[in-house]
Amino acid sequence: MRKAWWRLGCGLALVTALYAFQRPFRVYVSMEPYDNVALPSDWQQASEWVFGRLMYPQHPNARFARFGFRWGRMDWREGGTSWTQDYPRADRHFSQALRRLTRINARSVEQPVNLDDVDDVYNWPWLCAGEMGDWKLTDEQAKTLREYLLRGGFLMIDDFWNDDEWERFEESMKRVFPDRPVVEIENADAIFHAVYDLNDRYQIPGQWALGGRGYMSQRAAGTVAHWRGIYDDKGRIMVAMCFNSDLGDSWEWADDPGYPEKYSALGIRIGVNYVVYSMTH
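Numbering of the sequence shown is given in my numbering, commencing with residue 3 and proceeding in unit increments.
Derived by calculation from the structure, the hints in this document are not laboratory data. As the structure is a prediction and not an experimental result, all values here were calculated from the model. C-beta: ideal position from N, C-alpha, C; glycine also. A hint or two may mislead.
To be verified - Listed next, the in silico BS3-like pairs over lysine-lysine satisfying Cα-Cα at most 27 angstroms (straight line):
{"hint": "1", "residue 1": "K264", "residue 2": "K236"}
{"hint": "2", "residue 1": "K176", "residue 2": "K145"}
{"hint": "3", "residue 1": "K145", "residue 2": "K236"}
{"hint": "4", "residue 1": "K236", "residue 2": "K176"}
Stated by the list, open to error - Just the calculated beta-carbon pair ranges, DEER-fashion:
{"hint": "5", "residue 1": "D119", "residue 2": "S49", "range": "38 to 46 angstroms"}
{"hint": "6", "residue 1": "G260", "residue 2": "A48", "range": "30 to 38 angstroms"}
{"hint": "7", "residue 1": "M281", "residue 2": "Q24", "range": "39 to 47 angstroms"}
{"hint": "8", "residue 1": "D121", "residue 2": "G260", "range": "40 to 48 angstroms"}
{"hint": "9", "residue 1": "M281", "residue 2": "A190", "range": "35 to 43 angstroms"}
{"hint": "10", "residue 1": "D257", "residue 2": "I106", "range": "18 to 26 angstroms"}
{"hint": "11", "residue 1": "R203", "residue 2": "L152", "range": "24 to 32 angstroms"}
{"hint": "12", "residue 1": "P26", "residue 2": "L152", "range": "25 to 33 angstroms"}
{"hint": "13", "residue 1": "Y204", "residue 2": "P26", "range": "19 to 27 angstroms"}
{"hint": "14", "residue 1": "D121", "residue 2": "S49", "range": "16 to 24 angstroms"}
{"hint": "15", "residue 1": "N125", "residue 2": "D165", "range": "32 to 40 angstroms"}
{"hint": "16", "residue 1": "V120", "residue 2": "A48", "range": "17 to 25 angstroms"}
{"hint": "17", "residue 1": "P26", "residue 2": "A227", "range": "33 to 41 angstroms"}
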């Protein structure tokens with residue numbers, strides 16, 4: 003009995019120590035025009051998986067850089083800039099879907115992760131980021147992200163469109179991995195079959211592209227969805243890219259009757275596959 007209590011005490015001490023090194027949960031100002039997303043009642047519950055939301059500095063030529071208040075003139079470390087696009091509704095809706103569709107014990111709230119908190123990123127093995135035409139990493143942030151990915155971390159990136167946004171995305175990505183190519187992920191890759199067989203993938207438009215407001219002709223018309231990746235030396239996908247699609251909106255608006263269910267259905271399934279793949283590869 004004494005040994006059992008000793009082991010229990012050591013285990014609790016280890017868990018406490020691990021949590022002590024994690025940055026506490028915090029809600030930031032969202033770029034979205036809402037500030038009333040209630041915290042789930044179980045937001046403090048420990049879990050085995052957490053939606054890590056990658057924070058990043060704003061590119062000076064970012065699509066939203068010319069706007070004020072939430073869109074560019076705030077300190078990115080306090081939210082309100084492009085990294086908070088779809089946040090926090092998309093993060094929480096997807097975590098809820100992951101709970102329902104798998105046996106993964108997912109935390110109900112996201113975790114914003116700042117690469118400047120160098121050691122903290124290693125507490126969150128799955129990261130997601132959107133509006134990738136708007137990021138501009140520093141040299142130190144690129145170094146930290148590279149080390150994180152090579153150690154087994156996973157980054158899913160989303161919602162960037164056309165050549166201009168791809169070029170701004172590459173500007174930072176090439177500093178993370180100057181020697182690793184971005185390639186099209188083949189249909190046979192395990193990432194498309196981890197839970198669901200996703201051979202039939204189609205472009206997922208954002209909520210902004212629907213409703214006849216003209217955006218589709220200006221930004222998304224004529225674009226083709228691409229599912230691209232960067233692999234490590236063992237053939238594991240480290241960075242999964244959803245280019246010319248907006249999976250974040252398919253999560254964010256999954257509970258809105260005005261957003262077509264077919265897009266949320268595919269977007270959620272892709273996300274589920276990416277999570278399970280990252281936990282098993």
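Quick rundown of the hints versus the structure:
Between K264 and K236 the alpha-carbon distance is near 34 angstroms, which puts this suggested pair outside the 27 angstroms criterion. Proximity of K176 to K145 is assessed by CA-CA distance (about 11 angstroms); at most 27 angstroms being required, the pair is judged to hold. For the hint linking K145 to K236, the alpha-carbon distance of about 20 angstroms falls within 27 angstroms, and the restraint holds. About 20 angstroms separates the Cα atoms of K236 and K176, which keeps this hinted pair within 27 angstroms; it holds.
In this structure the hint that D119 and S49 lie 38 to 46 angstroms apart at CB is violated, the actual value being about 20 angstroms. Taken as a hint, the range 30 to 38 angstroms holds for the pair G260 and A48, whose Cβ atoms sit roughly 36 angstroms apart. For M281 and Q24, the hinted distance range of 39 to 47 angstroms is not satisfied, since their beta carbons lie about 18 angstroms from each other. Roughly 43 angstroms separates the CB atoms of D121 and G260, a value that falls within the hinted 40 to 48 angstroms.
M281 and A190 have their C-beta atoms about 20 angstroms apart, which leaves the hinted 35 to 43 angstroms range violated. The hinted window of 18 to 26 angstroms between D257 and I106 holds, with their beta carbons roughly 20 angstroms apart. With their beta carbons about 28 angstroms apart, R203 and L152 fall inside the hinted range of 24 to 32 angstroms. Between P26 and L152 the Cβ separation comes to about 27 angstroms, which falls inside the hinted range of 25 to 33 angstroms.
A hinted range of 19 to 27 angstroms for the beta carbons of Y204 and P26 is inconsistent with their spacing of about 40 angstroms. Under the hint 16 to 24 angstroms, the C-beta atoms of D121 and S49, about 21 angstroms apart, fit the expected range. At about 36 angstroms, the CB distance of N125 to D165 agrees with the hint of 32 to 40 angstroms. Distance hint check for V120 and A48: the Cβ-Cβ separation is about 24 angstroms, which falls inside the suggested range of 17 to 25 angstroms.
A hinted range of 33 to 41 angstroms for the beta carbons of P26 and A227 is consistent with their spacing of about 37 angstroms.
Violation of the numbered hints given earlier is confined to hints 1, 5, 7, 9, 13; the remaining hints are satisfied by the structure.
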